[in-house]
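Using the sequences provided together with the hints, build the complete structure.
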Amino acid sequence: MEAATTIQTILFWAFTVLGLAGAVGLIFNRNPVYAALSLVLNFFSIAGLYLSLGAEFLAAIQILVYAGAIMVLFLFVIMLLNLQEEHGVLKFDARRGLAFILGLGFVAEMMFVAKSFQAFPAGSNFVYGKVEPIGRALMTDYLFPFEMISVVLLAALIGAILVARRHTHQEG
Amino acid sequence: MDLLTPTVYSYLTVALVMFALGTIGVITRRNGIVVFMCIELMLNAVNLALITFSNMWNDPAGSMLVFFVMVVAAAEAVVGLAIIIALFRNQQDIDINQVNIFKW
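Chains as they are written, first to last, in our numbering: chain F, 1 to 172; chain Y, 1 to 104.
No wet-lab data here; the hints were simulated from the structure.
These numbers come from a predicted model, not from an experiment.
Beta carbons: idealized from backbone N, C-alpha and C, even for Gly.
A hint or two may mislead.
[To be verified] A few chain Y residues that face chain F, going by a derived Cβ cut-off under 8 Å, partial list only:
id	residue
1	9
2	12
3	16
4	20
5	21
6	24
7	25
8	31
9	34
10	35
11	54
12	58
13	59
14	69
15	84
16	86
[Unchecked claim] Partner residues aside, some chain Y positions facing chain F, computed with beta carbon under 8 Å:
id	residue
17	5
18	40
19	96
[Stated by the list, open to error] Pairwise CB distance ranges (calculated):
id	chain 1	residue 1	chain 2	residue 2	range
20	Y	97	F	151	31 to 39 Å
21	Y	98	F	139	42 to 50 Å
22	Y	91	F	150	48 to 56 Å
23	F	124	Y	92	28 to 36 Å
Written out as structure tokens, the structure is:
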């Protein structure tokens with residue numbers, strides 16, 4: 001693997017800053033709509049990080065599926081429910097303090113575990129990010145999971161309709 | 001310049017900081033939809049780590065797994081939001097501290 005190029009370095013740092021800003025905005029915004037928009041920023045930044053890793057197809061899918069479809073669904077539900085702002089998001093109590101200590105502990109622990117990957121460059125000649133090798137892999141080695149995914153989607157579709165349906169009381 | 005050049009470790013660090021932020025959000029927030037969005041953030045952090053490993057070994061397995069995780073996340077979002085709508089219809093509120101309909 002050849003080392004990262006200058007453009008990859010610039011992309012990495014720019015999208016890292018944006019993505020972490022989006023994540024922080026998500027957990028600290030009182031208004032759910034602003035939190036959702038912060039998450040959109042985060043999803044776009046993750047798509048940028050995919051691009052900097054050479055995963056072009058998944059970057060496009062990330063923007064289409066996550067930043068597009070899923071976040072529109074979230075915003076739609078937020079506005080449908082007409083929620084109030086959540087109070088005490090920035091208040092610092094015992095539970096919140098414990099959550100931050102646990103989070104910091106997790107980061108420190110995992111960074112220690114992942115230390116051995118410091119020697120590996122994030123290569124710029126990633127073959128399996130392009131559309132053609134991915135399509136080939138999906139239609140050969142991964143054909144069975146690819147077909148089973150359609151069953152999962154059908155089950156989710158039927159389940160969502162059943163759960164969200166307005167129940168009319170006509171027993172018989 | 002060499003210090004700034006991203007390695008696999010840098011990408012993994014970004015991924016796990018995002019995962020930790022998502023965890024903190026799940027623990028501290030009370031709004032059901034925001035908790036749900038934090039779970040999406042955690043899923044995305046894991047996807048980033050998977051693509052990093054896929055890039056590192058130049059292997060399709062990580063990319064394929066991310067593809068399937070995205071589809072399952074879409075299905076999960078649909079079912080989760082349906083549950084939230086059903087909950088709101090019953091309680092007029094989605095504060096997860098107030099949800100105790102399964103409490104004995």
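Verification of the supplied hints:
1. Residue-level restraint check for residue 9 of chain Y holds (minimum Cβ-Cβ distance to chain F is 4 Å; threshold 8 Å).
2. Hint on residue 12 of chain Y holds. Least Cβ distance to chain F is approximately 5 Å, under the 8 Å limit.
3. Among the interface hints, the one on residue 16 of chain Y holds; its C-beta lies about 5 Å from the nearest C-beta in chain F, closer than the 8 Å criterion.
4. Hint status for residue 20 of chain Y: holds, given a least beta-carbon distance of 4 Å to chain F, under 8 Å.
5. The closest approach between the C-beta of residue 21 of chain Y and any C-beta of chain F is roughly 4 Å, which is under the 8 Å cut-off, so the hint is satisfied.
6. Taking 8 Å as the C-beta cut-off, the interface hint given for residue 24 of chain Y holds, the closest approach to chain F being about 5 Å.
7. The beta carbon of residue 25 of chain Y is positioned within 8 Å of a beta carbon in chain F (closest approach about 4 Å), and the interface hint is therefore held.
8. Taken as an interface hint, residue 31 of chain Y checks out: its beta carbon lies about 5 Å from the nearest beta carbon of chain F, inside 8 Å.
9. Interface hint at residue 34 of chain Y: satisfied, since its Cβ lies 5 Å from the closest Cβ of chain F, which is below the 8 Å cut-off.
10. Interface restraint check for residue 35 of chain Y: the shortest CB-CB distance to chain F comes to about 10 Å, outside 8 Å, so the restraint is violated.
11. Because the closest C-beta pair between residue 54 of chain Y and chain F is about 6 Å apart, less than 8 Å, the hint holds.
12. Checking residue 58 of chain Y against chain F by beta carbon gives a least distance of about 6 Å; that is within 8 Å, so the hint holds.
13. Look at residue 59 of chain Y: its Cβ gets to within about 7 Å of chain F, closer than 8 Å, so that hint holds up.
14. With a cut of 8 Å, the hint placing residue 69 of chain Y at the interface with chain F is violated, because the nearest CB-to-CB distance is about 10 Å.
15. Interface hint status for residue 84 of chain Y: upheld, as the beta-carbon distance to the closest one in chain F is roughly 6 Å, under 8 Å.
16. Proximity of residue 86 of chain Y to chain F holds as hinted, the smallest CB-CB distance being about 5 Å (cut-off 8 Å).
17. The interface hint given for residue 5 of chain Y holds, since its Cβ lies 5 Å from the closest Cβ of chain F, which is under the 8 Å cut-off.
18. Interface hint status for residue 40 of chain Y: upheld, as the beta-carbon distance to the closest one in chain F is roughly 7 Å, under 8 Å.
19. Of the supplied interface hints, the one on residue 96 of chain Y is violated, with its beta-carbon coming no nearer than about 11 Å to a beta-carbon of chain F, more than 8 Å.
20. A beta carbon spacing of about 36 Å between residue 97 of chain Y and residue 151 of chain F agrees with the range 31 to 39 Å that was offered as a hint.
21. The hinted window of 42 to 50 Å between residue 98 of chain Y and residue 139 of chain F holds, with their beta carbons roughly 48 Å apart.
22. Between residue 91 of chain Y and residue 150 of chain F the beta carbon distance is about 34 Å. The supplied range of 48 to 56 Å is therefore violated.
23. The hinted window of 28 to 36 Å between residue 124 of chain F and residue 92 of chain Y is violated, with their beta carbons roughly 53 Å apart.
Going down the numbered hints, you'll see the structure goes against 10, 14, 19, 22, 23, while the others check out.
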